[in-house]
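**Student:** For what it's worth, the numbering used here labels the leading residue of the sequence shown as 52, then goes sequentially.
One or more of the hints may lead you astray.
[What the hints assert, rightly or not] Cross-link-like lysine-lysine pairs, in silico, BS3-like; alpha carbons within 25 Å at most:
hint, residue 1, residue 2
1, Lys637, Lys608
2, Lys292, Lys260
3, Lys254, Lys292
4, Lys647, Lys674
5, Lys608, Lys643
6, Lys462, Lys492
7, Lys462, Lys422
8, Lys637, Lys674
9, Lys647, Lys637
[Claimed, not checked] DEER-style ranges, computed between Cβ atoms:
hint, residue 1, residue 2, range
10, Arg286, Ser680, 22 to 28 Å
11, His57, Ile156, 22 to 28 Å
12, Val227, Arg469, 38 to 44 Å
Hints were generated in silico from the structure; no laboratory data involved.
Source: prediction; values computed, not measured.
Idealized CB from N, CA, C, for every residue including glycine.
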Amino acid sequence: MSEILHVLIVEDTPADAELMVRELYRAGFHPEWRRVDTESEYRACLHSGLDVVLSDYALPEFSGPRALELLQEQDLEVPFIILSGTIGEDVAVDIMRRGAADYLIKDRLARLGPAIRQAMMQSRLHRMRAVTENALRESEERLKIALSSSRMGVWEWEVESDAIFWSSECYEILGVDSFGGTRADFTRMVHREDVERVATLLKTALEDKTDYAAEFRITRPSGEVRWLSNLGRARYDGAGKPQRMFGTTQDVTDRRQLEEQYRQSQKMEAIGILASGVAHDFNNLLTVIQGNASILLMQQMDRSRLEMHVDEILHAADRAAGLTRQLLLFSRKQVMQPANIDLNEVAGNTTRMLQRILGEDIALHADYAPKLPPIHADEGMIEQILLNLAVNSRDAMPAGGTLTISTSAQKLDELQARQLRDVEPGSYVCLSVRDTGCGIKPEILSRIFEPFFTTKEVGKGTGLGLSTVYGIVRQHHGAITIASEPGQGTTFRIFFPAVTHGTLPESKAIARPLIATGHECILLVEDEPALEMIAARVLESGGYTVLRAENGVAALKVWNEHRDDIHLLMTDMVMPRGISGRELAKRLTTEKPGLKVIYTSGYSPDLAGKGMLLQEGINFLQKPWDMHSLIRVVRECLDRD
52 MSEILHVLIV
62 EDTPADAELM
72 VRELYRAGFH
82 PEWRRVDTES
92 EYRACLHSGL
102 DVVLSDYALP
112 EFSGPRALEL
122 LQEQDLEVPF
132 IILSGTIGED
142 VAVDIMRRGA
152 ADYLIKDRLA
162 RLGPAIRQAM
172 MQSRLHRMRA
182 VTENALRESE
192 ERLKIALSSS
202 RMGVWEWEVE
212 SDAIFWSSEC
222 YEILGVDSFG
232 GTRADFTRMV
242 HREDVERVAT
252 LLKTALEDKT
262 DYAAEFRITR
272 PSGEVRWLSN
282 LGRARYDGAG
292 KPQRMFGTTQ
302 DVTDRRQLEE
312 QYRQSQKMEA
322 IGILASGVAH
332 DFNNLLTVIQ
342 GNASILLMQQ
352 MDRSRLEMHV
362 DEILHAADRA
372 AGLTRQLLLF
382 SRKQVMQPAN
392 IDLNEVAGNT
402 TRMLQRILGE
412 DIALHADYAP
422 KLPPIHADEG
432 MIEQILLNLA
442 VNSRDAMPAG
452 GTLTISTSAQ
462 KLDELQARQL
472 RDVEPGSYVC
482 LSVRDTGCGI
492 KPEILSRIFE
502 PFFTTKEVGK
512 GTGLGLSTVY
522 GIVRQHHGAI
532 TIASEPGQGT
542 TFRIFFPAVT
552 HGTLPESKAI
562 ARPLIATGHE
572 CILLVEDEPA
582 LEMIAARVLE
592 SGGYTVLRAE
602 NGVAALKVWN
612 EHRDDIHLLM
622 TDMVMPRGIS
632 GRELAKRLTT
642 EKPGLKVIYT
652 SGYSPDLAGK
662 GMLLQEGINF
672 LQKPWDMHSL
682 IRVVRECLDR
692 D
């Protein structure tokens with residue numbers, strides 16, 4: 052079939068137009084054409100769906116150059132070909148410079164068909180290029196809007212020169228107006244506690260040719276601390292040497308704060324559930340203490356029986372102190388503080404609280420493998436994992452069931468590590484949480500770790516519990532798997548890298564008080580009379596001179612009278628009468644810079660001393676303390692330079 056061609060012929064001689072049409076038929080076209088020879092007629096035809104315009108150069112009342120000009124004014128991308136028997140080569144070149152697709156001599160019309168096909172092909176290519184360029188501009192504009200709305204910036208790092216190039220969004224995120232221009236300059240903005248970790252992640256990504264991903268803190272010039280998420284991918288030369296890295300940076304401070312608030316809300320909800328059980332346990336422990344103390348007061352007994360009752364009192368007090376410490380650790384806010392820990396010990400401590408969360412209808416079983424290697428992890432976050440998974444299992448067993456928590460040592464080969472994704476072959480410690488609940492449907496199994504995804508009713512779940520678990524596992528360079536079938540229960544298995552070279556902290560044991568000797572003068576500030584009396588007796592029995600005060604105001608009076616004699620201030624952090632232990636210590640150390648200070652509190656160090664460097668066992672005594680700890684810390688603090 053012939054190709055239909057819509058042609059407008061600008062020609063004042065009908066015979067010449069007929070020759071053009073005849074040539075078009077010969078070239079394989081089926082022309083639908085019209086001839087015009089005035090500007091008004093030409094204008095009327097421009098928007099009639101033309102494929103090509105064939106125009107004489109000079110007409111009595113019109114011209115080819117004017118016809119081309121009008122076509123361009125209408126922004127119509129229609130091929131325009133000049134046909135003339137009179138123009139010279141220089142005129143032809145000029146008309147093509149203005150935008151004509153081609154020019155032909157009228158007595159050589161055999162070239163008309165190929166000229167039209169070539170002109171139409173060029174026109175199509177030009178339109179395609181214009182569409183592509185327009186799409187690219189729109190894409191760039193959408194990207195710019197998206198980056199701006201998401202507070203995301205883009206950057207490029209030249210590895211060899213160390214130069215970094217930023218988008219304008221990066222300057223806003225970092226809170227700077229100017230920038231030195233190198234990665235070293237940027238590193239100076241990274242929070243000092245995160246510098247080494249970020250450098251290690253970047254080095255590993257370049258060496259392993261993997262994507263770079265890091266979340267870390269920066270300190271803006273204003274002093275404000277913000278959390279950033281950096282993602283990057285490097286390009287390498289033929290020898291495998293990194294040349295450039297391209298990436299994005301985003302301020303994720305708000306997200307981090309929301310995640311922390313959510314974790315904290317979960318902890319506080321669990322603590323509310325634990326309240327009655329905790330009160331029950333404390334009452335039992337206090338009964339043991341009071342009972343043994345009453346026996347000591349009422350009866351005369353030999354030394355062996357006396358020691359037995361004293362040991363019972365000490366053990367009960369230590370258990371009460373341990374429960375308090377566990378609640379403080381569980382409820383406090385803190386950044387990740389990894390250490391070598393025994394997963395069995397952490398799981399065992401946590402499961403004692405989980406039974407109260409699970410309720411009476413759910414049986415809790417534990418199966419811990421002996422002699423597990425340690426893992427390098429944050430103890431509070433491991434407790435968070437167990438809490439979230441236990442709550443998830445509880446909700447899956449509304450009619451009751453069994454929850455089994457177990458641990459084991461695992462050796463992953465290359466195939467197993469590849470199946471778990473993003474972990475290396477080697478030694479791992481596996482934490483397994485299995486329930487006999489309703490199970491999970493196959494079609495939603497792949498989505499359970501997505502943030503805010505939940506199958507629970509509105510108001511009964513945020514969809515952040517399992518995503519929090521996944522995030523913590525990834526922070527610890529571990530992996531998590533899930534196996535579940537409707538009606539068959541669910542099993543989560545979490546793999547933590549085992550520490551092959553390292554030891555666990557020594558377990559704490561109850562120690563009998565050892566009285567150390569000293570001669571220094573100590574200002575003891577404690578608002579609880581019973582504690583003040585016990586501390587004073589212990590210190591005085593060791594040879595120390597103790598000056599007592601029940602609050603900060605009284606302590607200042609004692610200080611004014613004995614300033615030159617006092618070597619150490621031992622003060623509670625929280626006291627009545629408007630002067631805290633921190634404020635008191637600040638005043639006294641200003642007047643006497645060499646004064647040693649020990650703080651005590653029933654709160655954890657991070658809550659008691661926000662913004663202070665408090666180290667338990669160094670310059671901080673967690674209540675309840677025992678006499679051995681008190682004497683040791685006092686002596687070591689006095690002897691420390």
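**Student:** Each hint needs a verdict: does it hold in this structure or not?
**Tutor:** These are the hints, each one checked on the structure:
1. Lys637 - Lys608: holds (16 Å)
2. Lys292 - Lys260: It holds: about 10 Å lies between the C-alpha atoms, which stays within 25 Å.
3. Lys254 - Lys292: holds (13 Å)
4. Lys647 - Lys674: Distance of about 20 Å is within 25 Å: holds.
5. Lys608 - Lys643: The given pair, whose Cα atoms are some 15 Å apart, holds under the 25 Å limit.
6. Lys462 - Lys492: Not OK: Lys462 and Lys492 at ~30 Å, beyond 25 Å, violated.
7. Lys462 - Lys422: Roughly 15 Å separates the two Cα atoms, so the pair holds.
8. Lys637 - Lys674: Since the Cα atoms of Lys637 and Lys674 sit roughly 22 Å apart, the hinted pair holds (cutoff 25 Å).
9. Lys647 - Lys637: holds (11 Å)
10. Arg286 - Ser680: 22 to 28 Å: violated (58 Å)
11. His57 - Ile156: 22 to 28 Å: About 24 Å separates the Cβ atoms of His57 and Ile156, which means 22 to 28 Å holds.
12. Val227 - Arg469: 38 to 44 Å: holds (42 Å)
Consistency with the previously given hints fails for numbers 6 and 10, ordered from lowest to highest.
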